[in-house]
Structures are given as C-alpha cells and as structure tokens.
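S.K.: Protein chains in written order, with our numbering: chain S, 1 to 337; chain L, 1 to 337; chain P, 1 to 337; chain X, 1 to 337.
In short, the hints are calculated from the structure, not lab data.
Built from N, CA and C at the ideal position, the CB exists for glycine as well.
Among the clues, some could well be false.
Far from chain S by the CB rule (all over 12 Å, computed), these chain L residues [claimed, not checked]:
1) E11
2) A120
3) R201
Derived Cβ-Cβ restraints for the label pairs, each shown as a range [stated by the list, open to error]:
4) L/G92 x P/R119: 34 to 42 Å
5) S/N302 x L/S7: 23 to 31 Å
6) X/N10 x P/R73: 55 to 63 Å
7) X/R324 x P/V18: 47 to 55 Å
8) S/S317 x L/P77: 48 to 56 Å
9) S/Q144 x L/E13: 37 to 45 Å
10) P/P63 x X/R324: 31 to 39 Å
11) L/E13 x X/N10: 30 to 38 Å
12) S/S317 x X/N10: 50 to 58 Å
13) X/A115 x S/E78: 55 to 63 Å
14) S/Q144 x L/E176: 28 to 36 Å
Protein chains: 4
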Amino acid sequence: MILILRSDANEEEVAEVVRRVEAEGLEAHVSRGEERIVVSVIGNDTEPVFALAHLPQVEQVVPVKHPYKLASRDFHPEDSQVRVGPHVVVGGQRVVLMAGPCAVESEEQLMTTAAAVARAGATVLRGGAYKPRTSPYSFQGLGQRGLELLDQARREFGLAIVTEALDEEGLEAVAEVADMVQIGARNMQNFSLLRACGRLRKPILLKRGMSATIDEWLLAAEYILAGGNFQVVLCERGIRTFETRTRNTLDLSAVPVLKYFTHLPVVVDPSHATGAWQLVAPMARAGIAAGADGILVEVHPNPSEALSDGRQSLTLSDFAALARSLGAVAEAVGRSL
Amino acid sequence: MILILRSDANEEEVAEVVRRVEAEGLEAHVSRGEERIVVSVIGNDTEPVFALAHLPQVEQVVPVKHPYKLASRDFHPEDSQVRVGPHVVVGGQRVVLMAGPCAVESEEQLMTTAAAVARAGATVLRGGAYKPRTSPYSFQGLGQRGLELLDQARREFGLAIVTEALDEEGLEAVAEVADMVQIGARNMQNFSLLRACGRLRKPILLKRGMSATIDEWLLAAEYILAGGNFQVVLCERGIRTFETRTRNTLDLSAVPVLKYFTHLPVVVDPSHATGAWQLVAPMARAGIAAGADGILVEVHPNPSEALSDGRQSLTLSDFAALARSLGAVAEAVGRSL
Amino acid sequence: MILILRSDANEEEVAEVVRRVEAEGLEAHVSRGEERIVVSVIGNDTEPVFALAHLPQVEQVVPVKHPYKLASRDFHPEDSQVRVGPHVVVGGQRVVLMAGPCAVESEEQLMTTAAAVARAGATVLRGGAYKPRTSPYSFQGLGQRGLELLDQARREFGLAIVTEALDEEGLEAVAEVADMVQIGARNMQNFSLLRACGRLRKPILLKRGMSATIDEWLLAAEYILAGGNFQVVLCERGIRTFETRTRNTLDLSAVPVLKYFTHLPVVVDPSHATGAWQLVAPMARAGIAAGADGILVEVHPNPSEALSDGRQSLTLSDFAALARSLGAVAEAVGRSL
Amino acid sequence: MILILRSDANEEEVAEVVRRVEAEGLEAHVSRGEERIVVSVIGNDTEPVFALAHLPQVEQVVPVKHPYKLASRDFHPEDSQVRVGPHVVVGGQRVVLMAGPCAVESEEQLMTTAAAVARAGATVLRGGAYKPRTSPYSFQGLGQRGLELLDQARREFGLAIVTEALDEEGLEAVAEVADMVQIGARNMQNFSLLRACGRLRKPILLKRGMSATIDEWLLAAEYILAGGNFQVVLCERGIRTFETRTRNTLDLSAVPVLKYFTHLPVVVDPSHATGAWQLVAPMARAGIAAGADGILVEVHPNPSEALSDGRQSLTLSDFAALARSLGAVAEAVGRSL
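All chains, full assembly: derive it from the sequences and hints.
M.R.: What follows is the structure, encoded as structure tokens:
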C-alpha cells in the first residue's frame, strides 16, 4: 500500500500516519517530494490502513499488491491444468470445445445436439437444467429432469458435462451429475455460493461477472481456492459497455492479462458475449488466437425454435464447420484440438 | 414485440414469420416500407418470438412492452408506501434518513452511532452483520452477534433496523431482527434469494446491481412482487463506469426515471456510490432534490479506524450537519424530513 | 510517480531503474517490501519515466501528481469567477440560468424563447448557430444568420449569449457575437481548437467529453489556461454508460469532485444528459443541490416541432415553473438565483 | 421509424400522430395491441418525427433504418478495397501489416524502425509527426520535420506512409506526404475535419472514438463518403470501459459486426487498445482471426526510451516474431500476409 499525503502536511501529521501504520504491525517508509509526500507501507494491506484515507492529510491510498494470493502466478508459477471427467484436461496443449444448448429442453433436443457436437470434436457438453432468467416469467429450466437427461447424454456419447448451479441448495444435486459445475456471471460475487464451491471436490467453471474487473474475478476465484478447491477454470463471457450492436462486449484482452497474472485456465464464451449467432464463429477463432484454453458455445438443432437464447445458438452444421476451422487456428498458435 | 424484416424478404418469407407468430397465439400486422418490412406482434412477448431473430429474413427484434408487470405504474398508478417498523413510512411525504455504520463492529461503536443518528433525525439504523466482501481475506462481519447488537439498538433508541442478508440460509435469521432486509448490489440477480424474499413478509431494500439497467432492476423487484411480497424499496447506489475519481457513478437520473415507470419508493445511497466521505453530503442533497424518498448513509464514530468503508463514512457531527441541511432541500421540493 | 518493481528484481535491476530516473534529473527513493519493491520518484513526472514500464523488472507505474497545474486548486485556492457579458458572473453566490433552443431555427422561434426565458429569470441565452450532428444528413444550423439572430436577441432582451464554435475557422465569427463560446463534448479533445480558445479573450464553456475522465477534462481546460485564457467554465453534460433509459448518464458527483480539485466554475446541462424533457427539471434541481454554479437548459416554444432535440426541450411554461423551483433549492444550499 | 403510443391514447391522439407523420410526406400504419399502439412510419426518418416523442401520447420512438447510407452494404454489397500508395491494397485477400513508432522522434529512430518493419513484412509505415496529447505539457511531435523524415523513409524502404492530421490546417501538409491520412479517435466526431477529408483524394484511416458506438462510427465515415471520398479504412482501437488492467477494451466483435453492415475495410490497433506491449501480439493474432484486414502496431527500437507510448511499443525483434506468427493465423482463416 502507498499513502500519498498532501505536500503541506506538517511533521506531526506525517508522524501520525507512520504511527498508525506501525500500530498495524507494518513498516512505513517516508519519501518527501516538492508536491507530495509518499509513505510506502511494507507488509500486508489491511483494512485499517485503507481507512487512513479519512485523515485530512492523506490525499490518496494506492494498493500495490495483488489482493489475491492462491490464484496468483507468484504463488503457482506454472499453468494449472484442470481435469474434467475422465478424459478432458483444460489448460494443456489441447484446446477444449464445450458445446450444447443454452437450456436442456427435451430428450430429443439434447441427444441430437450431443451426438452432433461429439461428432464435430467437442469433448464437453454444456446445457442448463437450472436457468437464471432476468424475468420471473421466462422459462426457468427443466430442473432435476434436465440433470437426468445430461447424465444420459454423458453415458451415451462419452462427453463430460458442465451445467450451472444457481444456489447452495441446488449445488449438491448439480454436482452429482456434472463433471464441472458452472457458476454464472450473475453469481460471480455470490460469496456464500463461492464458499460452497470451495468445499466441493469438483471443477468449477467461473464465469466473469458482467461488470467485474479482472481483479474482482480473480478474488472470486480466490474464495473457491481458499476453500481448498483448486480446480477452477475461468470463463470470459463479455462485459457490459455502451455498445449495443452486441449483447455484451467480449473482452478478449482479458485472456492474455489472465495468463500473465494467474495460473488458472481460461476459456471464452462467444455466444453469450455477442448474443448473435453470426458473430460466434469469428469470435471463437479470435478467442483461440488470443490464447484461450477452450471455447464454450451454444448449439441447438433448431435455433429459431429454442426456448432460450435461440438468436445466439449455432445450428449443428454451423458448429461442425466452426470446429473444423478452429483446428487450423489452434495450430497457428502452437496448439491442437 | 416488433420484428423488422429485410426489405428483400419475399412473400413466402414474410408469411413464414406471420405463421410462426400466430402459432404462439399472437397476432401479426405487416407494414411494408421501401427499405424495411415491419411486423408488429400484438400480445405478450414470448421467448419463441425472440428466437425468430434466427431466421435469415429477420433483421432485428425490438421488444415494446415493459417486461415487468407488478412493478409497473400501468399496474399500480399510485405511489406505493412501504412501512418499515412501527413508525417509519418510505414513499410518503416525509423523506426518510437511514444511517449507521457499514459493519457492526462492537457494542460501543453501534450504540454510539445509533444514539447520534437518532438525535440527528434518522429513523432507520443501518449496519451490516453479514458483509459481502470482494476478498475472502477481508473482515466478514460479526454475524449473529451483530444481529443481537442491532436488536439492542432498536430497543434502546426506537430506530427501525435495515441489515443485509447474503443468502437464503441467513435470510431467516436476518428477518427475525430486521425491520427491512437489504439485498445488496452483488445479489440483485441472485434469483433464488429474490424468490425467498418474495415468500417473506418483511420489507426488502433492493439495491441496484453495479451494472444493472433500470429495466433489469425492476425485473429483479418483479421476482419479489411475483412471490407475493409487495413491500419493496429500491436503492440507487451507483453504477460502474470508466470514471475512477469516484468508486461508482451515482446515477441520480434513475430516480425520476423510476418515478415515471414504477410505483415503488426509491432511496439513494451516496456513500457506496462515491466512496469518499467528502462527496456524501452534496450527493445526499442532490438525491433528495432529484425526488428520492430517502437516503442511506454510512456513519461511524471514528471513520479512520473503521473495519470497513472508513473512507466513505461520515463522522457523527458531519452527519448531524448533513441532516440539518437536508431538511431545507426537502422543503424546497415540497417535502419534509 | 511511483514505480513498483517485481519482488525478485535483483540489485542490478533496481540500480538500473534508479540510474534511469536520475538521468531525468529526478530523485529516486527505494523501499523494499517482502512482495514488492517500491521506487518513489521525486520531481515532475516525465514521459521517459513512464516508459520505464517497459523494463521487465517494472510491474506497474503509478502517477501521483495531478497532471494539470493552472486548473488546480493547488495553484489557485480560491474559487474563480467568470464574467459573461456585462452583467453575469458564473461562480459567485448567485446561481446562473442559461436557457434557449438547441438550434436557432428562425427569428420568431428565437425571440419568443428569449423573451420567455428572460422573463423567467435566465440571464444567458443559449442557441446553436453551428450544430455538430452525428449524421451528415441532419440539420446543421443556420450558420451566420443564426449568429445575427442571437445578436439581435441580446440587444432586445439584455441576455448574454453562449453559442458553440465547431472549428478554428468558425471560432472568430462566433466570438464576435458570443459572450461565451461553447466547446462541445465531441470537441473536448480537439487540441487545435482548444489552443485557439487559449488565444481568445472570451469566456469558454467547456463541455465534458462523453467518455472523458475528470482528469482528462481538466487537462483539456489546461490547454486553454496555458494559452493565457483563464475564463473557463466547465459543463457536465452526461457520460456514456450502459444505461439506455437516459441518453447519457448525468454524473453529478463530478460537481463536488471538481469543486475539490479545481477553482473553475461548474455548470450542469440536464437536457443533453437525460435526452428526455420529463427528467430535466428534477435533474436541474439536483445539479444545484450538488453545488453547481448554474444550469444550461434547452427550451423551445413548441418542442414537438423542433428541428433538433425536441424530445429533451422544455416548453416555455415548463421552464418558468422550473426556474421558480430552482430558487428554493438554491436557497436551501445557501445560494440564490 | 416506429412510434409506440400509450395504450390509453384516444382516437384523436392517435389521429394527431398520423397527421403529423403524413405532414412530413411519410406514411403511417397503425397496429393496436392490448397494451400498446404501434405506429409504423414508412419512408425516411426525419428529425420532426423524432420530435413527436414530445407528445404525451408517444411513449417511445424506435429508429429502424441504419442512419448511414453510402457506408452500408445495402448500398454497396461487395467488399471495398482501398489502395494505399502504389503497392498496398487494404481489404483484399492479403492481410496488411502497418507498423512503426508512435511518434517520429529522430532520423535514426525512424530509419532503424522502417528498415526493420519492412524486413519483417510490413508494407505500411506508421509514425506521428503531429501528436494529439491529453496534456499540453507532453511532447507534441516534430511537426513538419517529422513529415520530411517519413517521406525519406518511404523513398528509402518503399513503404507506404500513414500519419495523423489533427486539424484542417495541417491536413494539407500531411496529405502531401501521407499515402493514407489518419484521423485519430479524439477527432472521430470533429465534423469540420471529416468534411475536409471528404474533399481530399487520399485514403483515410478513421479510428473509432473511445466511446463511439459502431453506428456513430459509420456515420462519421459517412461524412467522408458523402463528400466524395470513398477511400475509407476503419480502425478499431479499443473503447472505454470500467476495466483498468488494459488502457482500453479492444472490441474485436466490432470486426465481424462491421463486416456485416459495411463494405469498408477494417483494421485493428492492439497497441493503443491494450496499452501494454505484452498484450500486443496475442491481440494482433486475435484481430486477424476475427477477420480484420490488417493490423496497426507500434514498434520502437528502444521502447523504454520512447518519447511517447513506450510501454505499449514492441521491440524490433518482437515485431519480427509477431509478423511470423501472423502469417499462420492469416492462413488459418483463408488469407495470407
């Protein structure tokens, strides 16, 4: 932490700051400039040091350390790999394709999709049994029946399953079927749910909140890691900006930024980010080119009749075409499908 | 809902859209322009109509109706009033002051603050027993002991209590003590928790999510109303923007916008929005001038030693001065404290 | 400036940073923590010190000083007052009402409006002769004829005139008629135009760019001040955010932030910010309550027939009502109309 | 344009809207729903129709047509190709590399860089002679001397030149040397400058404004096209969001969105967008994968001593490595360098 004092702070005011910092068991180094006095605090940032911002002689408080620890590359310099189901590894040399419908709607819909995405090269099947919906009047998912269908699809097609848990109560039921539990963007700072994920021994796919900074996202991951669960995969799915031609703005720069600061694997969801099926393929390719470890894509046998997110779902044949083109991009950046 | 078709859509393509709309039990009116064909859909918007965006002849889908119902002024034209505890009404002629520490830290801290804010004119005491914290390593609140202290403060000073519930599990414990339960910004779209609030028979203070549009916020309220709980107060607390001189950007225009679209009362929290105690008083005054039904302010006997949010807390005497000035502003807009 | 080095930087790497800082004629103080090494740079920030961010041992570069000087309260602690025309002072005890049509459309429209706003208490008439329009196909203003009509309105009603200059070429013509020259949001970082304003000896109304931080805005003002023209009034007119229920998000917190950092007067434009006439009156009142020195409002004798911005213009009688209510708010915060 | 009326609008109020629309020479079709009445306006949107939003019976005005014409694919369905200098085509099968220093600093710096980028495969040299700087105290470029050096580099290395013009006055001087004139982000809505570009017969590189929507950007291009200059290349360079780990947020989704709506070529600038050299290579690769026609990258022989933007410049060898990797990505998406 660095405290920037007003240049007209007198000796006693500077001494007060130093005293307060030392009272927290930390060290304070004072540097005097013509226009500002800088106090560098050595040791862990603590809340009471932040509160010194309230002293009149303190003009600004600048945090220095990354506030996360276990998620940081300082703590774990090598890339982490997360195993999902018996056969899939996220974060290794191979790029992982996760695909499936937004919501599980029926046996036919799910099995048709699962068969097609498996054939096209996906190794993880996505599909919501419990859906977080902005409106209470929208379709909320098939619930337990949806989980059963996902389980059936796993057995029939050998795909690993990722599906969302909305709350602590549902977490257990979801974790019984899922090979990886998704925590959605709206729950990224549902700290009770994150703590419950920390107690789980299943991989977690942690989506970025719509207005979460990268640091806040890593702190959300830290809640899970701090609970003892190190199997966390981050998923960039777009942030909220002023641009309305896309549903959200896919922040692909987050991929190399994360690769720099954290050891956790990162995947990209171009479907939710763009909200338009026409944009999914180019943005999936861009995600892999930016260094992502996988992509998460919505696929539906008949998008114009989907119960949710039809406008951003790929058809089965469009997904197969995308998968083919992704192989070439992966190779161009030294990876494979 | 309005569907905008490509101008080169042929007869059969237009007919397909009409057929699909009618299959949903809705009516379709076609207007042909030189450059676009417009299909107005009469009746309730349904998900399958949205999904028509996937048809190649459909260029854009424009929702027309407000997606919320019970929260709308169309449904309930008069202002709603929400009773908090035995004596306080939010949404009436009197502007309500809600004040107290960010977190309950100790008996002395809470009682000192409660006494002072009551004396200054506040009628509701705020204070967190359970704190949602961005970092797992920050102070997380006193929990049950915090609730007991709030209960004690209510008895001693006759203040109504508002405090936050973080999850369904904690909701019951909080509701036993609180006169109004706060749902924080990070939980605004925690739909399981919102549904649980709908089953409660206590007023809910629903804070706006950091990146929630006004429509999404009203849909979150709709989850509570749809559950049968009509005692909802909305709280504007700043949205996330690019500006970093304030912690968030207080969106005061939301106050008159809400007053236009909804009957629910609206209060303003200038402390969390600005993140700087120096800005709290002017923004509290601006909030009342904009038409808010109350303000929610952080107050601490010794902000530079607070365990959380010290930098944005008012001292006891600064709060008393603010309260005095708010009376004059309230009168200037035809209200009173 | 503060340089934060990686904790594993070795002696030679730290020494290299110190050497480079000293080569710029600055002093460097090194503080070593367990996790980071902090180098405080004493003296003026220079571009080459910023570029040290490129060294592998440098993790972060944190600017400390305000980058503006003449605009800063450090330089000029008292509030500045800007005289506009013979009778109006912006930044004094009296709050200033500036009102008029978005664009000058005709003699009748302008004179009717001028008479009405003068009667209601406005002392400055606004009205665009040259209009910056997002589309090349929109009405671009009456140009020179518009300036002549503004001049006529000044003579007839004793109002000071504020009108926009779009480019250096037009600046001279505008400055001949205007008592204050407006630089619009889209030109806030048109540095050639700002420099030309610095050479002018007329007050400048500098609108905030739609995505300008407060610091960038003050640096834009600094361009004008550095040219020798100290008569600058800042105008908050909304920033771009994700919220679409208003055209922009009026950032009223900017008012007290500016009052803290700069001596320049600040006015608020609720018309452009909200884009909806229904929101103008409450946000004008909120602006005054937040501490603004004046408001700038669009008024039109017949808004539903305006050639631009009709949807956000007040009628003559709505403006008169607003003006009455603003007096009470001004008094509530210790000022007058 | 679509007008949405309140459901309780009476016959006379609906008739008034229809009358007003017809008075503009347009057609109006009325569709009545239970909750809203929709009036579809057939013909060109005009400002007076927008102004009908002011009528009390009008709840919302929804524009339908793209507001740009010449920039639209409706007008020109095939991809446009823009020739820059004698040898370079932007928008064809080959992806174009544009590289060079942020600012021209000296003969040695520019020639060293030009030689290296030419050798690595760049065909366009970038470099600022006139620099728009946020602060009046920053280095503002070498001006005319910078242009002379660029001219010399062109002759020596056979590179086409792109450099920025800041104002109408400078435009002529710049256009004499430049093969393509850059209009920077801050000037994207400097309409006088755009009009002057429309009169020029040189290609224009139009950077996206930091808070410009894609539609506004295309309307800015429309100003140039409407003046008769059809040689416009669009450059995505990041938009302003809340995320601070990157300088701006590179909006790569804009690339396929633009490819859908316009025929103009699109290039990507990952240097300004990210503000960090470590992120430039992955984002350049992502840009090509997303479908961009070229990239614009900052390169400096010694970035840690650059006079501007050192922290985001690549070294000569890092650029050479990037260029090699871009070839593979280009091939993966069916293009070549």
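S.K.: Hint compliance check: list the failing hint numbers for this structure, sorted ascending.
M.R.: 7, 13
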